[in-house]
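Trainee: Chain residues, written in single-letter form:
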Amino acid sequence: KAGVTQTPRYLIKTRGQQVTLSCSPISGHRSVSWYQQTPGQGLQFLFEYFSETQRNKGNFPGRFSGRQFSNSRSEMNVSTLELGDSALYLCASRRGNTGELFFGEGSRLTVL
Amino acid sequence: GESVGLHLPTLSVQEGDNSIINCAYSNSASDYFIWYKQESGKGPQFIIDIRSNMDKRQGQRVTVLLNKTVKHLSLQIAATQPGDSAVYFCAENSPHYGGSQGNLIFGKGTKLSVKP
Chain A
1 KAGVTQTPRY LIKTRGQQVT LSCSPISGHR SVSWYQQTPG QGLQFLFEYF SETQRNKGNF
61 PGRFSGRQFS NSRSEMNVST LELGDSALYL CASRRGNTGE LFFGEGSRLT VL
Chain B
113 GESVGLHLPT LSVQEGDNSI INCAYSNSAS DYFIWYKQES GKGPQFIIDI RSNMDKRQGQ
173 RVTVLLNKTV KHLSLQIAAT QPGDSAVYFC AENSPHYGGS QGNLIFGKGT KLSVKP
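Residue numbers (our numbering), protein chains in the order written: chain A, 1 to 112; chain B, 113 to 228.
What the hints contain is simulated information worked out from the structure, not anything from laboratory work.
Among these hints, one or two may not hold up.
[Said to hold, decoys possible] Below, computed lysine-lysine pairings styled on BS3-like, alpha-carbon distance capped at 25 Å:
{"id": "1", "chain 1": "B", "residue 1": "Lys227", "chain 2": "B", "residue 2": "Lys149"}
{"id": "2", "chain 1": "A", "residue 1": "Lys13", "chain 2": "B", "residue 2": "Lys154"}
{"id": "3", "chain 1": "B", "residue 1": "Lys149", "chain 2": "B", "residue 2": "Lys180"}
{"id": "4", "chain 1": "B", "residue 1": "Lys149", "chain 2": "B", "residue 2": "Lys183"}
{"id": "5", "chain 1": "B", "residue 1": "Lys220", "chain 2": "A", "residue 2": "Lys57"}
{"id": "6", "chain 1": "B", "residue 1": "Lys183", "chain 2": "B", "residue 2": "Lys168"}
[As the list claims (entries may be wrong)] Covered by chain A, according to a simulated footprint, are these stretches of chain B (three or more residues, beta-carbon under 8 Å):
{"id": "7", "stretch": "157–170"}
{"id": "8", "stretch": "217–223"}
Even for Gly, the Cβ is constructed at its ideal location relative to N, Cα and C.
For reference, chain A alone in the conformation it holds in the complex (with noise of 0.2 Å):
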């Protein structure tokens, strides 16, 4: 069984720049979360996705949005990028409304 995917990996940006971030959530799982980690910040949550409705959002300035789509795929977009939003952009997936989050490997966003 597939694990969840991210894509792409690795990515460089530049300031005022816009990215998004693709997430592929292992199959049968309809809850989709998507967490930001910095050495100074550590591991923070961005929102969760569920039915392609936002359940939950984290403490972002609205430059961080994301949707999922009726397959459970879902999509992050940071816009105006800044040195500060270089991160690894991790996002999780589980079957239902609870139970153990699978990460997937991580998207290394680095912004010049």
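On the provided structure of chain A, position chain B as indicated by the hints.
Mentor: Chain B only, in chain A's frame:
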């Protein structure tokens, strides 16, 4: 506040010894706790979880203890092996955070180094 903290940022143990990684949480309403292991270049991997109606839960070579009185969580790894070297995170979930267990509050992490 919303904080899950770890008492020790780094822990070095000898191969074969037992390891104990500690975690303090601040939200008494938290009802679900999880330990994750993250190896370099990989995403966090689930180790074990425990709900607030339990004090102890055992897995394969790992035990999680929950002390709700002092809001403390620990992960015990028996017979630590070089492959256990990684960063370990505790995480909590609470209805205060929206109730969804996809929204976890993570601690900063403890780096475990196992010396052969």
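Trainee: For every hint, state whether the structure bears it out.
Mentor: Structure-based check of all given hints:
no.: 1; hint: Lys227/B to Lys149/B; in the structure: holds, 18 Å
no.: 2; hint: Lys13/A to Lys154/B; in the structure: holds, 22 Å
no.: 3; hint: Lys149/B to Lys180/B; in the structure: holds, 23 Å
no.: 4; hint: Lys149/B to Lys183/B; in the structure: holds, 21 Å
no.: 5; hint: Lys220/B to Lys57/A; in the structure: holds, 20 Å
no.: 6; hint: Lys183/B to Lys168/B; in the structure: holds, 14 Å
no.: 7; hint: 157–170; in the structure: holds (count 3)
no.: 8; hint: 217–223; in the structure: holds (count 5)
Against the hints set out earlier in the document, no violation occurs for any number.
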